[in-house]
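Number of protein chains: 2
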Amino acid sequence: MRPQIVLFGDSITEQSLRAGGWGVDLANTFSRKADVLIRGYGGYNTKWALFLLHQLFPLMWLLFQDTTKPPVATTIFFGANDAALSGRSSERQHVPIEEYKENLRKIVHHLKECSSTMLIVLITPPPICEEGRNAFAQSLYGENARKLPERTNEVTGQYAKACVETAEELGVRFINLWSKMQETDGWQKKFLSDGLHLTAEGNAVVYQEVTRVFKEAWLSPDEMPLDFPHHSQIDYKNPESAFQQKCL
Amino acid sequence: MRPQIVLFGDSITEQSLRAGGWGVDLANTFSRKADVLIRGYGGYNTKWALFLLHQLFPLMWLLFQDTTKPPVATTIFFGANDAALSGRSSERQHVPIEEYKENLRKIVHHLKECSSTMLIVLITPPPICEEGRNAFAQSLYGENARKLPERTNEVTGQYAKACVETAEELGVRFINLWSKMQETDGWQKKFLSDGLHLTAEGNAVVYQEVTRVFKEAWLSPDEMPLDFPHHSQIDYKNPESAFQQKCL
Numbered sequence: 008m009r010p011q012i013v014l015f016g017d018s019i020t021e022q023s024l025r026a027g028g029w030g031v032d033l034a035n036t037f038s039r040k041a042d043v044l045i046r047g048y049g050g051y052n053t054k055w056a057l058f059l060l061h062q063l064f065p066l067m068w069l070l071f072q073d074t075t076k077p078p079v080a081t082t083i084f085f086g087a088n089d090a091a092l093s094g095r096s097s098e099r100q101h102v103p104i105e106e107y108k109e110n111l112r113k114i115v116h117h118l119k120e121c122s123s124t125m126l127i128v129l130i131t132p133p134p135i136c137e138e139g140r141n142a143f144a145q146s147l148y149g150e151n152a153r154k155l156p157e158r159t160n161e162v163t164g165q166y167a168k169a170c171v172e173t174a175e176e177l178g179v180r181f182i183n184l185w186s187k188m189q190e191t192d193g194w195q196k197k198f199l200s201d202g203l204h205l206t207a208e209g210n211a212v213v214y215q216e217v218t219r220v221f222k223e224a225w226l227s228p229d230e231m232p233l234d235f236p237h238h239s240q241i242d243y244k245n246p247e248s249a250f251q252q253k254c255l
Numbered sequence: 008m009r010p011q012i013v014l015f016g017d018s019i020t021e022q023s024l025r026a027g028g029w030g031v032d033l034a035n036t037f038s039r040k041a042d043v044l045i046r047g048y049g050g051y052n053t054k055w056a057l058f059l060l061h062q063l064f065p066l067m068w069l070l071f072q073d074t075t076k077p078p079v080a081t082t083i084f085f086g087a088n089d090a091a092l093s094g095r096s097s098e099r100q101h102v103p104i105e106e107y108k109e110n111l112r113k114i115v116h117h118l119k120e121c122s123s124t125m126l127i128v129l130i131t132p133p134p135i136c137e138e139g140r141n142a143f144a145q146s147l148y149g150e151n152a153r154k155l156p157e158r159t160n161e162v163t164g165q166y167a168k169a170c171v172e173t174a175e176e177l178g179v180r181f182i183n184l185w186s187k188m189q190e191t192d193g194w195q196k197k198f199l200s201d202g203l204h205l206t207a208e209g210n211a212v213v214y215q216e217v218t219r220v221f222k223e224a225w226l227s228p229d230e231m232p233l234d235f236p237h238h239s240q241i242d243y244k245n246p247e248s249a250f251q252q253k254c255l
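Respectively, the protein sequence lines represent chains A and B. First residue of the first sequence? That's 8 in this note's numbering, and the numbers climb one at a time after it. First residue of the second sequence? That's 8 in this note's numbering, and the numbers climb one at a time after it.
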């Protein structure tokens with residue numbers, strides 16, 4: 008059975024399956040080596056993610072180890088919605104910061120229970136461009152657009168910090184996307200399409216960071232074998248031998 | 008467990024995972040409804056594909072139906088390499104046409120054995136642009152390029168016909184890509200990048216044909232539920248209820 012890499016998160020993970028998305032690029036990088044499964048849920052916060060946990064990552068895996076296997080790696084990429092401000096137009100998505108940390112802990116603990124060897128990577132939310140969010144709201148609702156921001160970069164930065172702290176506390180790897188993106192001049196429009204979601208270049212940053220952290224751990228496509236022989240390795244007069252070797 | 012759609016084939020399936028590929032578009036269309044798994048093997052013909060069959064589609068599925076499930080649909084997309092000419096530079100990939108038909112029969116029979124309800128779609132090889140193949144060979148090898156074509160459109164057309172005949176004989180659906188592409192003026196460069204592999208527009212044709220045939224059977228993403236509630240359906244004061252309903 009081919010190893011699986013699961014990308015678990017909100018819309019930024021769900022949309023990673025679109026053309027130019029970081030999930031697509033990752034899947035292509037692991038072509039014939041691992042399957043990349045997208046488990047992205049637009050609009051979800053960590054509170055709602057908890058309801059999915061046992062179905063997406065069933066402990067049943069432990070009982071049927073010959074036929075099913077947990078993923079070799081999982082990225083956990085929530086926080087952009089948790090950080091929506093209380094008392095503003097996206098209030099329903101808001102999760103208090105301590106609860107956000109506790110929810111991340113629950114997710115990581117559950118994954119560790121599924122597999123002690125799973126590579127777990129926490130990803131912080133990307134930064135917020137408030138101007139971009141305003142322009143987006145106005146493009147949708149015109150004069151009826153909300154007057155006050157529903158997310159700020161400052162508050163999202165607190166959630167990013169909380170995510171990093173939780174990763175360090177739990178001893179799992181992390182990507183501080185909030186900080187990383189802001190190292191580049193013009194990140195507001197270069198990486199964000201509507202002040203929150205990712206442009207093609209923003210997707211490329213996530214792809215580069217995820218592959219970097221995977222490699223720094225132990226998960227490098229260059230070191231993984233193809234699932235079956237490359238066609239050039241097959242002796243056309245005696246094809247069996249290439250496949251027998253593979254099975255040894 | 009989310010339904011799976013498997014794309015089984017040669018390089019034209021393997022490359023479908025690249026940006027703009029038909030596999031990526033298909034995966035995006037079935038986002039949160041089914042996983043699209045790419046099982047494409049560049050350079051492979053149906054003879055070599057047979058060696059993979061029991062590992063990619065294990066009959067073990069029948070024994071562990073609670074934990075593992077066969078795919079709901081599989082595309083079988085071989086023939087471009089089988090149709091390489093005997094006695095020419097790609098001879099090692101050549102499979103005689105009657106053996107090609109017999110191999111397709113074996114693949115289909117095996118999939119039917121795995122699951123009597125699996126939607127099976129045979130796809131013929133695309134047409135060949137001999138001029139494009141020559142230009143490609145010269146771009147690689149210059150004056151040392153082979154003088155005689157290794158594939159011709161006429162012979163590939165015979166394999167396409169054999170593929171259609173086999174599908175009709177076995178009562179499974181098919182896509183005659185060889186014919187379909189040639190309905191469009193300028194198909195040689197519009198759909199083929201090197202006289203054999205697909206351009207972005209060529210990928211779009213395969214995507215459209217596969218989704219059409221899937222829908223004509225019964226597999227339509229529009230009629231499939233999301234795996235979990237859309238975020239707008241979640242009552243933020245009582246999120247449990249949305250997920251309880253889902254479990255009923």
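Keep in mind that a hint or two might mislead.
[What the hints assert, rightly or not] Taking lysine-lysine pairs in the DSSO-like style, the calculated list, with each CA pair at most 30 Å apart, reads:
(1) B/K154 x A/K76
(2) A/K244 x B/K244
(3) B/K168 x A/K76
(4) B/K113 x A/K108
(5) B/K119 x A/K40
(6) B/K168 x B/K113
(7) A/K113 x B/K108
(8) A/K113 x B/K113
(9) B/K244 x A/K76
(10) B/K154 x A/K40
(11) A/K40 x B/K168
(12) B/K168 x B/K187
[What the hints assert, rightly or not] Cβ pair distances, simulated, as ranges:
(13) B/L66 x A/L233: 49 to 57 Å
(14) A/A142 x B/R9: 52 to 60 Å
(15) A/S146 x B/F250: 17 to 25 Å
(16) B/P10 x A/L233: 38 to 46 Å
(17) A/D201 x B/E247: 40 to 48 Å
(18) B/S239 x A/D242: 53 to 61 Å
Note that these hints are calculated values from the structure, not bench results. No experiment lies behind these values; they were computed from the predicted model shown. Note that the Cβ used here is the ideal one computed from N, Cα and C, for glycine as well.
Cross-check of the supplied hints:
A distance of roughly 50 Å separates the Cα atoms of B/K154 and A/K76; the hinted pair therefore is violated under the 30 Å criterion. Of the pairs offered as hints, the one joining A/K244 and B/K244 is violated, with about 68 Å between alpha carbons and a cut-off of 30 Å exceeded. Restraint check for B/K168 and A/K76: the C-alpha separation of about 41 Å exceeds 30 Å, so the hint is violated. Between B/K113 and A/K108 the alpha-carbon distance is near 53 Å, which puts this suggested pair outside the 30 Å criterion.
Only pairs whose Cα atoms come within 30 Å are accepted, and B/K119 paired with A/K40 is accepted, the gap being roughly 26 Å. A C-alpha spacing of about 18 Å is found between B/K168 and B/K113, which places the hinted pair at or below 30 Å, so the restraint holds. Taking the CA atoms of A/K113 and B/K108, the gap is about 53 Å. The hint is violated against a cut of 30 Å. Between A/K113 and B/K113, the direct Cα distance comes to roughly 48 Å. Violation of the 30 Å bound is thereby established for this hinted pair.
Between the alpha carbons of B/K244 and A/K76 the distance comes to roughly 36 Å, so the proposed pair goes past 30 Å and is violated. For the proposed pair B/K154 and A/K40, the alpha carbon gap of about 36 Å is over 30 Å, so the pair is violated. The straight-line distance between the Cα atoms of A/K40 and B/K168 is roughly 34 Å, outside the 30 Å bound, and the hint therefore fails. Restraint check: the Cα-Cα separation between B/K168 and B/K187 comes to about 12 Å, which is no more than 30 Å; the hinted pair holds.
Look at B/L66 against A/L233: about 24 Å separates their beta carbons, and that is not inside 49 to 57 Å. Checking the proposed 52 to 60 Å range against A/A142 and B/R9 shows it is violated: the Cβ atoms sit about 36 Å from each other. At roughly 33 Å, the beta-carbon separation of A/S146 and B/F250 lies outside the given 17 to 25 Å, and the hint is violated. Taken as a hint, the range 38 to 46 Å is violated for the pair B/P10 and A/L233, whose Cβ atoms sit roughly 26 Å apart.
Roughly 31 Å separates the CB atoms of A/D201 and B/E247, a value that falls outside the hinted 40 to 48 Å. At about 57 Å, the beta-carbon gap between B/S239 and A/D242 stays in the expected band of 53 to 61 Å.
In summary, the structure is inconsistent with hints 1, 2, 3, 4, 7, 8, 9, 10, 11, 13, 14, 15, 16 and 17 from the numbered list given earlier, while agreeing with the others.
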